[in-house]
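Sequences listed follow chains A, B and C, in order. Under the working numbering, the very last position in the first sequence is 819; numbers go up by exactly one each time. Under the working numbering, the very last position in the second sequence is 678; numbers go up by exactly one each time. Under the working numbering, the very last position in the third sequence is 364; numbers go up by exactly one each time.
The set of hints was computed from the structure by calculation and includes no laboratory data. Do not rely on the hints blindly, as some may be mistaken.
[Unchecked claim] So the derived list for chain A, only partly shown, Cβ under 10 Å to chain C, looks like this:
1) E585
2) G747
3) I790
C-beta atoms are modelled at their ideal positions from N, C-alpha and C, and glycine is treated no differently.
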Amino acid sequence: MAATLRRFFDSDLWWSFTRSPITMLSAVVALICILGALFAPWLAPHNPFDLASLNLLDAFKPPSWTEEGERAYLLGTDDQGRDVLSAIMYGARVSLLVGLSATLFATTLGVTLGLLAGYLGGKLDALLMRICDVQLTFPSILVALLIDGVVRAALPRDVHDKIALFVVIFAIGISEWPKFARTVRGSTMVERNKEYVQAARVIGVSPPRIMLSHVLPNVMGPVLVIATLNLGLAILSEATLSFLGVGVPATQPSLGTLIRIGNDFLFSGEWWITIFPGIALIAMVLSVNLLGDWLRDALNPKLR
Amino acid sequence: MSGQNPLLEVRHLRVEFPTRRGTLVALDDVSFTISAGEVLGVVGESGAGKSMTGAAIIGLLEPPGRIAGGEIRLDGKRIDNLRYEDMRRIRGKDIGAIFQDPLTTLNPLYTVGRQLAETMTTHLPITPADARKRAIGWLDLVGIPAAAQRIDSYPHEFSGGMRQRVVIALALCAEPRLIVADEPTTALDVSIQAQIIALLKSLAREKGTAMMLVTHDMGVIAETADRVAVMYAGRVAEIGPVRNVVKQASHPYTVGLMGSIPPLDRRVERLAQIDGAMPRLSAIPQGCAYNPRCPKAFARCSQDRPDLLPAGATQAACWLYAEGEGAHHG
Amino acid sequence: MFAFIISRILQALPVMLTVALISFAMFAYVGDPVAIMLGQDFTEAQRQALVKDLGLDQPFWVQFATFLGNAVQGEFGLSYRLSRPVADLIAERAPATLELALTAAILALLIGVPLGVYTGLYRNSWLSRFFLTFSLVGVSLPTFLIGILLILVFAVWLGVLPSFGRGDTVKLGWWSTGFLTWTGIKALVLPSITLGLFQLTLIMRLVRAEMLEVLRADYIKFARARGLPNRAVHFGHALKNTLVPVITIVGLQLGAIIAFAIVTETVFQWPGMGLLFIQSVNQADIPVMAAYLLLISALFVTINLIVDLLYYAVDPRLRIGRGQGAH
């Protein structure tokens, strides 16, 4: 363990990390976002879902540093008297949950299918790559919208509300897997023809085992980069779907939902209801994207 | 070779690569000259600095590599410290370059005629129509059949050998006085290598062009070069007339290198081999870079670095040839 | 050339058919169109009649063929939500979306490509670093948030630009254009910036990456070794070689612009196809969704075809059969 740690701190990755202040800053911001979201129930000053504590008299309070602001509500309150800061923390939870789950889903699906296509080749490969081609012609947000729309049409409203979160995760995950599959397939085809894989095959190691223990570790670098960049994209997709009113159910508002709700009050001057969740969303996505960008450059030195 | 100024003069050239773990010295104290019309072969293992020397001369070192010391003179004028634009006018016009892989050195999207014509109109005061006429002439000269028709072909419509002929035409078409040819035949089929070398040689002789021929193929050197420089770990180990270097090498490294080439005229039981490997740039030993592998090394070799010293008909960077040393150890 | 186009169209056919099949499957199996069309009270006889009328008693493939035949003629049935022919709805909304998408695409291209080339060529200049940072912020900003911020600043605070609608439009035949009136152009400013900004930054980043890739190529080094001026090396040799991948990217991005128009139209209440589509998704208005899907795919396939033709024009390696071939 200590040796692993020492190796990590001696690695080029760590070195390039310490050399990039922007990367370190984004790591800190990302960490704050993640911790704030993870521990929202303990950290948030109010519980936005505790209906008993909500009071319409508290509605539309501006941020605390303005003239009419109140100390209790740092970033103000929304139309129902909910504390905006607490709503953001709970909302970030949903956004992160959906983003991470969708990315995990897309990664698992894409890596598995990519490995299979690259290792087995033949008709399966041709079919999978054709599906990738077709799907990549369609922007992922459209694919996600469509899946969500179809499920919405197919299921009764109450059933749909119950599983809406999973539908969104599924829709976003499905719309992103081809990127992983393509990359993994390419690397797998290269690895497959290398001597060590040939040798493993000759001595009778089973194909699933070869793929998992020999090929997979060698394609993990690019997968990690795509997954990081994809996390930002998945969070954005979720926010977009929720903003359009077709994402997560209103009972579990994500940052996108908060922005949509706040958008209605933009013209009456209550800008804080929509702008602060927006800033939180940007901070989260930007820091993740910066980390992804750095990771790509660090793992791919020829681009420097 | 003495008396008049050499065409190209490289003196104490030092090229460095700054990296995170300190500065790597890729070329250290490299000195040689090339006279007008002369062919200098440069040999050595991969990573010895042959190609780097060529890149430094044409002023196209890959960043972050940079010339950190010494000088390069063309016709007595320094060219290593010129601004990009001034050096640009020299490239192609005074110094032509030929690269290793003809499949990647030609722009796939332009016809060979266009690439030839643009090179000529850049450097010579001629009209586009003239350039086209001359381009056909050059293609013909480098042995492309039906040059007048082929001039409008794209690079992918030529075979590898034919493309390298086009590259040679491109390097020569502005009539430079020096050609830097970096492994011009390595990427080609063996059967075509000889043709390309013969072509280069005859064109250089015909036009009076001097050439720096970088290769790791001693056969090519023996056939083409007038003089040869042997490089090791970023330094010149030995330099001299090709016949002497091949037949009576002075530097122990050159001796080892020549011993590792299978002779064609007789059978040998086993080829000589040099133990160990060339050091990495980050770990060049003190003193003579070759001393850990050298069968004749003695105390001084691991302490002081030898300069090029007269050694018979050649010059060798080896303490065996220092005053007084040779008597004891030679 | 002609054979090339034909082969590409033949390749596009399966894609279109697959999409049509998905659309049809949605149409036929998601929800119950009969129940929706009949409303609350109906007799079994009425129901049977409608089923027969709609051809729902036919075998699957016959129904699909009918659907295809209708689709080719622009016939997609009635919207569940608005009870009007889907074709009419789309025809009304298409000009708004296409004008918005076109403006955004031109904006993204005219600014994105030069910025990408610049940052690729001079990657260490402070201006490049600035553009690059700006672009990263750009790709991290969700489209709807850009729209909201622009509305807040230019419509709410400054009050200089409208925040919703198309302004006044002029009819040119069935096409309604906002390009010809002052209010129409003013109304277009914020939505097209919103829609174009993300694509702009994306195009810039991708062009830059391609430029860096090409600048490392041997033929660029050789062009320098031949002493060609920087202008010729950068714009003659490097830029032309980045064109092929850039065309691909831009083609894909045009598709993305149409898709993201859904978001922009929602933010600005822009009366286009995207707004129609999102309302349909919300209300499970399957006929409109199916028609939109087919139309969008047809558009994408067309864009891809144009992209292929542009490749053909740029890259001589695709023009086989010319010259004598390899020796």
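Going through the hints against the structure:
1. E585: Cβ of E585 (chain A) sits 23 Å from chain C, so the hint is violated.
2. G747: Holds, because the Cβ-Cβ distance from G747 (chain A) to chain C comes to roughly 6 Å (cut-off 10 Å).
3. I790: 7 Å, holds
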